[in-house]
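2 protein chains.
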Amino acid sequence: MLTLNRRMLLSTLAASAVLAGPLRPQSGWAQTNSLPSWNDGPAKASIVDFVARVTAQGGPDFVPVDQRIAAFDNDGTLWCEQPMYVQLAFILDRVKAMVPLHPEWKDTQPFKAVLEGDLRALAASGERGMVELGMATHAGMTTAEFEKIVSDWLATARHPRFKRPYTEIVYQPMLELLAYLRANGFKTFIVSGGGIEFMRPWSEKVYGVPPEQVVGSSIKTRFEMRDSAPVLFRLPQVNFIDDGPGKPVGINEHIGRRAIAAFGNSDGDLEMLQWTTLSGGVRLGLIVHHTDADREYAYDRQSHFGKLDRALDAAALNKWTVVDMKRDWKRIFAFE
Amino acid sequence: MLTLNRRMLLSTLAASAVLAGPLRPQSGWAQTNSLPSWNDGPAKASIVDFVARVTAQGGPDFVPVDQRIAAFDNDGTLWCEQPMYVQLAFILDRVKAMVPLHPEWKDTQPFKAVLEGDLRALAASGERGMVELGMATHAGMTTAEFEKIVSDWLATARHPRFKRPYTEIVYQPMLELLAYLRANGFKTFIVSGGGIEFMRPWSEKVYGVPPEQVVGSSIKTRFEMRDSAPVLFRLPQVNFIDDGPGKPVGINEHIGRRAIAAFGNSDGDLEMLQWTTLSGGVRLGLIVHHTDADREYAYDRQSHFGKLDRALDAAALNKWTVVDMKRDWKRIFAFE
Chain A
1 MLTLNRRMLL STLAASAVLA GPLRPQSGWA QTNSLPSWND GPAKASIVDF
51 VARVTAQGGP DFVPVDQRIA AFDNDGTLWC EQPMYVQLAF ILDRVKAMVP
101 LHPEWKDTQP FKAVLEGDLR ALAASGERGM VELGMATHAG MTTAEFEKIV
151 SDWLATARHP RFKRPYTEIV YQPMLELLAY LRANGFKTFI VSGGGIEFMR
201 PWSEKVYGVP PEQVVGSSIK TRFEMRDSAP VLFRLPQVNF IDDGPGKPVG
251 INEHIGRRAI AAFGNSDGDL EMLQWTTLSG GVRLGLIVHH TDADREYAYD
301 RQSHFGKLDR ALDAAALNKW TVVDMKRDWK RIFAFE
Chain B
1001 MLTLNRRMLL STLAASAVLA GPLRPQSGWA QTNSLPSWND GPAKASIVDF
1051 VARVTAQGGP DFVPVDQRIA AFDNDGTLWC EQPMYVQLAF ILDRVKAMVP
1101 LHPEWKDTQP FKAVLEGDLR ALAASGERGM VELGMATHAG MTTAEFEKIV
1151 SDWLATARHP RFKRPYTEIV YQPMLELLAY LRANGFKTFI VSGGGIEFMR
1201 PWSEKVYGVP PEQVVGSSIK TRFEMRDSAP VLFRLPQVNF IDDGPGKPVG
1251 INEHIGRRAI AAFGNSDGDL EMLQWTTLSG GVRLGLIVHH TDADREYAYD
1301 RQSHFGKLDR ALDAAALNKW TVVDMKRDWK RIFAFE
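Order-wise, the sequence lines are chains A and B. With this note's numbering, the residue at position 61 of the first sequence is 61, and numbering never jumps. Count along the second sequence from 1, add 1000, and you get the number used in this note's numbering.
The hints are simulated quantities; they were obtained by calculation from the structure and are not laboratory data. Ideal Cβ positions, reconstructed from N, Cα and C, are used throughout, including at glycine. Heads up, a few of these hints could be off.
Said to hold, decoys possible - A few chain B residues that face chain A, going by a derived Cβ cut-off under 8 angstroms, partial list only:
{"#": "1", "residue": "M1098"}
{"#": "2", "residue": "E1212"}
{"#": "3", "residue": "V1214"}
{"#": "4", "residue": "P1230"}
{"#": "5", "residue": "E1271"}
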C-alpha cells in the first residue's frame, strides 16, 4: 500500500515503464455500458465479446496492447456519405468558389456541369472528369493553405438534409465504439478512400483520432523553400488511392502491422476486412448496413455512394458482424 | 491524499482520461540525469533546455503533448552506417544467398560484381545497378516472407569491425535521448532513407519505436488472395524514396503534422531539419557529427555513406545543435 498525492503518483508512473506506452488495462475491464447508443442484440454482443476475449490476460485469445490496432473506414462508417460523399460536396463548392479565377470553366466540362448543376453531364465525364475536378480543387497550393481551405469550408457548409455541419453528421454509436476500444487499449486508425489531408484537420477533434493515425488517398507533394520558409506544395498527381485492394496496402504502409478489428460499410472495405480477419486468431470484422431511411438512409447493393454488394456476401461467408442500423442503433446522431 | 494499491491505481487511471493518450508530465519534470552517456556541454545543454521549455506548462514556449513529435533519421543517427549502410550489407549477403536460384547472376552485372567482391565494378553500375540489386533482393515475396528474411539475417549477420549483431551497433546516447523525449511526452518517429520494411521488424525492440511510427523508403505492394488467405506481394517498383526533400513529404504523409525536433547526420536530413526548425516557435534541430575514428568512425564532407556537407553549413546558419561524438558522448555503444 502506498500513500500518494497526485504529483507523487505522476512521478511514480514516470519512473515505471508506464509512460513509454499506453496503460495496460486489467483483464475483464471491458464495460458494456460505454456503448449506450447500441441496442442489445447480436451486433453489440459480438463487439463486447471480442473485446473481452482479446483483453483477457492469460486467456487463450489475449492480444498485447501494442497489437490492438483497429481500422475504421470513414465515409458511411463514421459519418454520413449520402446524398453524396462529403468530399464531393466540397469539390462542387470549391469549383463554384474558384470560378472567378477560372472564367474558362464556364465553357469547359466537367466544370460547366458543376456550375450548371447538370448531374447527368457530370456523371458522363466519368472517372477522368472526377480526377480533373479533384486536382483543380485539391492541388496548386501548399499543405497549410489546403488545410485552411478545408477547415473554412467545414465551418460553413451544411448537410442538405440535416442542415448541420458535416462534422456533426457522425454516428454516435461509432463515436462510442471508438472510445470503447481506446479505453480497452486499442489504437484507433481511420483507413478511408477519402483524402488524407481532407480528414486530418478535424479527425482529432471529431473522432479523437490524431493526424498520424489517419490513412487515406493522397496526391503528391513537393518540398520547396520559399524565402527561407519551407513549404510542401500540392501537385496535381495522384499519389495513392486508399480504396478496395489499396486499403491493406495503405494499412501496411502506414501502420506496418495488421489490424485485429476492422470496420467498414461498402465494397471498398472488402479487402481491408479480409486482410484483418483472415489472419488467424480472434478477429472482429464489422459492416455498417444502412437500413434506416427514416433516421438516415437505406441503401446497399445498387448505391452510387457506398455500394455494399460483394462485401455483404463476404460478411455471411466470413461471419463478420453486420450492423442493422435500424435495429441495432438506439440513436444515430448526437443531435437527435 | 489517496491510499492506493497497484490495482486501485490502475483502475483510477483507467477511469480518467489518461488511458486515451500519453500521460501529461508535470512542468519542469525534465531530468538531466536520464542522459548518462552524454558529457556535459553545449549539445546536452541544448537538448535539456529545449525539453524544459516546451514542457513548461504556462511558459511562453509550451507545446501540448499531442504536438510533441520528434523525428529521427536512422543510418548514422541511431545506428552505425560505416563501412557501408547496413541495408547494403543485407543486399550483398542476399545476392550471395540467392545465387543458387539465379545461376545467371554469375555472368550478369551488377550481380557478378557482388559475387566477386568487385567494389569498383559495383560502383560503376551506379544508381541503376543499386536499384536492380535492391529489387532482386527486396521484391518477389510477401511482406510476411520479407519480414522473416530480414529477421533471420539480423540474427546471424555481424558488423565487420565490431563483430556484433547490427542491432547492437546502436548509439547508447541516442537510445537515452529517445527514452528521455518519450518520458517528456514526445512521440518518437524514425524517418529514414532506409527501407520501411527493413526497419520495422526490429525498431520496437531496439529503439522502442513501434512499426506505425517508422517512416522510410518503400516499394509497391499488391493485395492478393491465395487459397482464401490474403497476402501483400512485394513488387519490383519503387513506391517512395524517403530521403532529402522526400523526408518532409514522408513526414507529412505519415505523421500529418510537423515535428518540433529532428535528428540527423547527413545531407539527406537537410530538408527534414529545415521543415522542422523553420516553422516558428522553439524547435530543436540536431546533427550527429562523426568525429571519433577511435571509438567509431570520423567522416563528413567527402563520405560515401552519410555525407555531411550542405547540412553542416546549414547547421551553422540555423543554429542547429551539432553533436561532436568525440567530445559529447561519454560512451558510444552499450557494449563498451
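Practice prompt. Against chain A, run the beta carbon of M1098(B) and see if the smallest gap drops under 8 angstroms.
Written response: This interface hint is violated because 24 angstroms lies over the 8 angstroms limit.
Worksheet item: Would the hint on V1214(B) stand, with a C-beta cut-off of 8 angstroms toward chain A?
Response: Check passed: Cβ of V1214(B) comes within 6 angstroms of chain A, closer than 8 angstroms.
Worksheet item: Taking the least C-beta to C-beta distance, is E1212(B) closer than 8 angstroms to chain A?
Response: Since chain A brings a Cβ to about 5 angstroms from E1212(B), closer than 8 angstroms, the hint holds.
Worksheet item: Per the CB criterion, is P1230(B) less than 8 angstroms away from chain A?
Response: Hint holds; P1230(B) Cβ to chain A Cβ min 5 angstroms, cut 8 angstroms.
Worksheet item: Does the CB of E1271(B) sit less than 8 angstroms away from some CB of chain A?
Response: For E1271(B), the interface hint holds, since the closest Cβ of chain A sits about 5 angstroms away, which is under 8 angstroms.
The structure does not agree with numbered hint 1 stated previously, though it agrees with all others.
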